[in-house]
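Dock chain R against the given chain G, drawing on the hints supplied.
Take a look at the letters that make up each chain.
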Amino acid sequence: MTTLDISKPLHPTIGEDNYLTHTRGILSWLFTLDHKRIGVNYLVCVLTSFFFGGMFALLVRTELLTPGKTIVEQDAYNQFFTLHGAIMVFLVIIPSIPAALGNFVLPIMLGAKDVAFPRLNLMSWWLWVTGAVFFVGSLFTGGLDTGWTFYTPYSIDKGSAMGGAVSALMGVFILGFSSIFTGLNFIVTIHRLRPPGMTWFRMPLFLWAIYSTAILQVLATPVIGITVALLMFERTFGIGIFDPKLGGDPVLYQHFFWFYSHPAVYIMILPGMGIISELIAVHSHKHIFGYRFIAFSSVAIAIFSFLVWGHHMFTSGQSPLMNAMFSAITFSVAIPSAVKVFNWVATMYKGSISLNTPMLYAMAFLFIFSIGGLTGLHLGTLAVDIHLHDTYFVVAHFHYVMMGSALIAMIGGLHHWWPKMTGKMYNENLGRLACALVFIGFNVTFFTQFFLGTKGGTRRSWDYLPEFQVYHIISTIGSYILAIGFFLTAGYLIHSLFRGKKAPANPWGGRSLEWQCASPPPHDNFATTPTVGDCYDFSTVEWDEKQGTFVVHGEGQPSPAHSHH
Amino acid sequence: MSTSRLIAIALIVLTILGGIALVIAGDTMWFPRKASTVAPQMDLVFNIITWISIFFFVLIMVVMFWFAGEYHTGRQAKATSDVTHNTPLELTWTIIPLILVIAIFYVGLEGYLNLRVAPVGAYDVRVTAQKWSWLFEHSNGASEANVLRVPLNRPVRLLMQSKDVLHACFIPAFRVKQDIVPGRISTIWFEAKEAGEFDLFCAEYCGKDHSMMRAKVIVKPEAEFIADLKEAAELHKKLSDSELAQYAMSKLYVRCQSCHSLDGKRGTGPSWRETNANWNKERVFKDGNKEVVNENYIRESILNPGLHIVETFTNAMPTFKGQLDDRQIAALTLAIKNLQHFDNAGKLKAGEAIDWQIPGGFPGLYGGDGSVPANGGAASSPATIPPSNTP
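Protein sequences appear in the order of chains G and R. When we follow our numbering, the leftmost residue of the first sequence carries the number 2, and every step to the right adds one. When we follow our numbering, the leftmost residue of the second sequence carries the number 1299, and every step to the right adds one.
There's no promise every hint is true.
In silico EDC-like cross-links for lysine to aspartate or glutamate, where the CA-CA straight-line distance does not exceed 16 Å [said to hold, decoys possible]: (1) R:Lys1514 to R:Asp1526; (2) R:Lys1518 to R:Asp1497; (3) R:Lys1332 to R:Glu1489; (4) R:Lys1461 to G:Asp250; (5) R:Lys1518 to R:Glu1489; (6) R:Lys1518 to R:Glu1492; (7) R:Lys1563 to G:Glu74; (8) R:Lys1332 to R:Glu1495; (9) R:Lys1514 to R:Asp1497; (10) R:Lys1579 to R:Glu1593; (11) G:Lys456 to G:Glu468; (12) R:Lys1332 to R:Asp1497; (13) R:Lys1376 to G:Asp538; (14) R:Lys1461 to G:Asp158; (15) G:Lys351 to R:Glu1368; (16) R:Lys1332 to R:Glu1492; (17) R:Lys1579 to R:Glu1589; (18) G:Lys246 to R:Asp1462; (19) G:Lys456 to R:Asp1325; (20) G:Lys159 to R:Asp1462; (21) R:Lys1549 to R:Asp1526; (22) R:Lys1549 to R:Asp1539; (23) R:Lys1518 to R:Glu1529; (24) R:Lys1563 to R:Glu1609; (25) G:Lys351 to R:Glu1589; (26) R:Lys1518 to R:Glu1495; (27) R:Lys1376 to G:Glu543; (28) R:Lys1376 to G:Asp545; (29) R:Lys1645 to R:Glu1541; (30) G:Lys503 to G:Glu546; (31) R:Lys1514 to R:Glu1435; (32) G:Lys502 to G:Glu429; (33) G:Lys351 to G:Asp538; (34) G:Lys456 to R:Asp1497; (35) R:Lys1549 to R:Asp1623.
Calculated directly from the structure, the hints in this document are not laboratory data. Quick caveat, the model's predicted, so the values are computed rather than measured.
Extracted from the complex, chain G is given alone in its bound form (with noise of 0.2 Å):
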């Protein structure tokens, strides 16, 4: 079979076998090699993590309601903003879109049965989940005050730093395998099971979003590896690599941490980037525009990503030769995330838009991504950034990326890809008041935190003068109303699982794989492997009343995509 119907899954009966009752009891999940069940493991443990470590920023935000003491002393509050940010980076926002919701979509996008290597696969997810177990025991064995950073000489001082930065830095060197085993099968399942017909240039723009985010994996994150192994080393047995009291110098440390933590920003956004474009397009039912700008565009950023970790050390004592070339470099980071803005936006000109809850997910990323993209060009600015580093300033903008953006987008992701992977619809209107309250909530708290910045208020920091008070009583106010957006989330989400509608094939009216198999997809995904042609070409997909799913005009007939070759 060469053409492919999308009006008729090839598994139309659903419940009757998918991948959710393929296999019965706890073991067939814990050592599955079903890349969709992978991925549901991934999900429920990322979602787990972010819960907790939502939880921290709460407990951040109370705390710095007032100056001084609010709930708690200065160790527990340091405890607090250090396991929040490790969290977040760490164990959520970088696992998230790759390996929980890219392990599930990524091979039916491409038409296969599963990712190249599924046992390595699943030993991504074991390795993530003993790092993880590093990461808690880091609270059992002194707890962690170092900040996400782990910033020497503070770190390896044990007079200084508590006693599970060893545990912690154990966990973040095996974090780093998972991540890396993932991003190779990833490159190795996009090169060689893509499916006749998908050409590079006709691949779904996740899956370029998804290989340059992998490159990125594959790269980078050796040198973190090796840079928090000499820090254990370090603290451990005083070998003198960041110590300069024994010749050491802590900014080589700082050089190896950006050197693998800028790459990680864009490991963390470049995913969100490629579910914006799915999600724009689809919701919009028209063809993206300008598809190659786009697509060059992710490889653009990953490859300038290596060139820029030096804007986190303006301050740092590096040279001022050094501080200019970053600064230039870092400029041109911002073309190709314009471009990418840009080319959304004209995406919705003359579509047909259906204002979904992830469509207003996507406008939400564009809003906020817009912002903290333009308020890095204040950062980017050497004279500006000299005021600004280690202010609140820094704190707003990556929160508008890393997590007003990436997280933005993988929450859109997630109810985008939700009917598809739990079979259930759930409450729409819910989810758009849901969205609605993310969205203020998230902006009163971050937007506030620029003025607070400029002003003159640093980061990390416990007591603040009492001018700056009314800054952080609004922040804390929209934390609040954030996580309130977050619980009903959960709630709807959860709620659908049970009492939801049964979700049909395509309920947006999708044109990529993942849409033409059946919700939820078999074990197999496809009995055949499919054709494909322009996965943004909408013109012949429509609305079916009757059966409550789209499907394609001219049943019967070749896809018109298929005209093409």
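Quick look at chain R alone, frame taken from chain G:
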């Protein structure tokens, strides 16, 4: 008109108004006082970037909301355009931002180079940062904790060293910041254009009391600055024991107060009130060792804080070796030993005589009538019997 269009129009209006508000509110919304020579230029660069950002943000959002309202349709409807790309348009919105960011980079670089290169003849102040206090040493030997005195309208360069971990010197009103890396001397310069008091923060996370590692920058015209420095240098050179104790309370205690209270409340370390109450008594420490609380115990605790840890506390105090000279240690010792004469604000109690410090001291040796001088507290009657510290 459909609801989605109404909402779209409302959002468009809100976005535009928000953008205008940010432009108008401008400086006052964003910045602390512009108290240095570089501040106006740096704020201008910030504002230019902000205006460009607001322009593009409002543009993008207005178009997005407009499209969302205009092209919001039911599921049956189809897109009314099948355009897939427009290369000239896409090149336009690639190239225009490119030109803009090159311009922004250039102004940013220029401002930064001004910030890095100190003028010839700048006045140098040596700065020592350590967990969790600042020490500023001047050319005439004056050294003050958590107070940085600088002259108005003169370039000042800070030569900064760290005793322990990374710190960063940040003076928002001057728009300057520099990390202080242990093992090297980091510099920063500024020229104050406004007299007054300004905040100095540690901007690089350095552990427990990072947020309390603050200092005051006091900017005064040159004549007053010189007078202050002279006084600061004299202070701990030629003083009576009583004056030394008052000097310790007013000048040195600021470096101790984040951990050691005066009111008996236990903080990161024991309250000085507690230590004073235990003077000449034997204390048992965590490791089981015993020591009498006396002058040597105080000296050891300042120079080698880990030696004796009182029960329930941890070894959190950094050493002050090389930071405090013997005279200053003697001053601190006198202050702690005679703390019963000081109130919880560190002021000599009203009515306390000045010559309490030596039991059986020589009347007439200390000058005056033995009462507290004007700056130390209220005047009191002479001939107060010096209290004894022995229990």
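Against the structure, the hints come out as follows:
1. R:Lys1514 to R:Asp1526: Distance of about 14 Å is within 16 Å: holds.
2. R:Lys1518 to R:Asp1497: Given pair R:Lys1518, R:Asp1497 holds - Cα atoms ~15 Å apart, limit 16 Å.
3. R:Lys1332 to R:Glu1489: 11 Å, holds
4. R:Lys1461 to G:Asp250: 15 Å, holds
5. R:Lys1518 to R:Glu1489: Answer holds: R:Lys1518 to R:Glu1489 is near 12 Å, not above 16 Å.
6. R:Lys1518 to R:Glu1492: 8 Å, holds
7. R:Lys1563 to G:Glu74: 14 Å, holds
8. R:Lys1332 to R:Glu1495: 13 Å, holds
9. R:Lys1514 to R:Asp1497: 5 Å, holds
10. R:Lys1579 to R:Glu1593: Since the Cα atoms of R:Lys1579 and R:Glu1593 sit roughly 12 Å apart, the hinted pair holds (cutoff 16 Å).
11. G:Lys456 to G:Glu468: 10 Å, holds
12. R:Lys1332 to R:Asp1497: 13 Å, holds
13. R:Lys1376 to G:Asp538: 12 Å, holds
14. R:Lys1461 to G:Asp158: Judged against 16 Å, a Cα distance of about 13 Å means the pair holds.
15. G:Lys351 to R:Glu1368: Holds, because 8 Å separates the two Cα atoms, which is no more than 16 Å.
16. R:Lys1332 to R:Glu1492: 8 Å, holds
17. R:Lys1579 to R:Glu1589: The given pair, whose Cα atoms are some 8 Å apart, holds under the 16 Å limit.
18. G:Lys246 to R:Asp1462: The given pair, whose Cα atoms are some 9 Å apart, holds under the 16 Å limit.
19. G:Lys456 to R:Asp1325: 10 Å, holds
20. G:Lys159 to R:Asp1462: Holds, because 12 Å separates the two Cα atoms, which is no more than 16 Å.
21. R:Lys1549 to R:Asp1526: Status holds; Cα separation ~13 Å.
22. R:Lys1549 to R:Asp1539: 15 Å, holds
23. R:Lys1518 to R:Glu1529: 14 Å, holds
24. R:Lys1563 to R:Glu1609: Status holds; Cα separation ~15 Å.
25. G:Lys351 to R:Glu1589: Not satisfied, since the Cα-Cα distance of roughly 84 Å exceeds 16 Å.
26. R:Lys1518 to R:Glu1495: Holds - the C-alpha atoms of R:Glu1495 and R:Lys1518 are around 9 Å apart, at most 16 Å.
27. R:Lys1376 to G:Glu543: 8 Å, holds
28. R:Lys1376 to G:Asp545: The hint holds at about 13 Å.
29. R:Lys1645 to R:Glu1541: 12 Å, holds
30. G:Lys503 to G:Glu546: Distance ~15 Å between G:Lys503 and G:Glu546 Cα, so the pair holds.
31. R:Lys1514 to R:Glu1435: Holds, at about 14 Å.
32. G:Lys502 to G:Glu429: OK: G:Lys502 and G:Glu429 at ~11 Å, within 16 Å.
33. G:Lys351 to G:Asp538: Roughly 14 Å separates the two Cα atoms, so the pair holds.
34. G:Lys456 to R:Asp1497: Answer holds: G:Lys456 to R:Asp1497 is near 11 Å, not above 16 Å.
35. R:Lys1549 to R:Asp1623: 14 Å, holds
Hint compliance for this structure: hint 25 is the single one not met.
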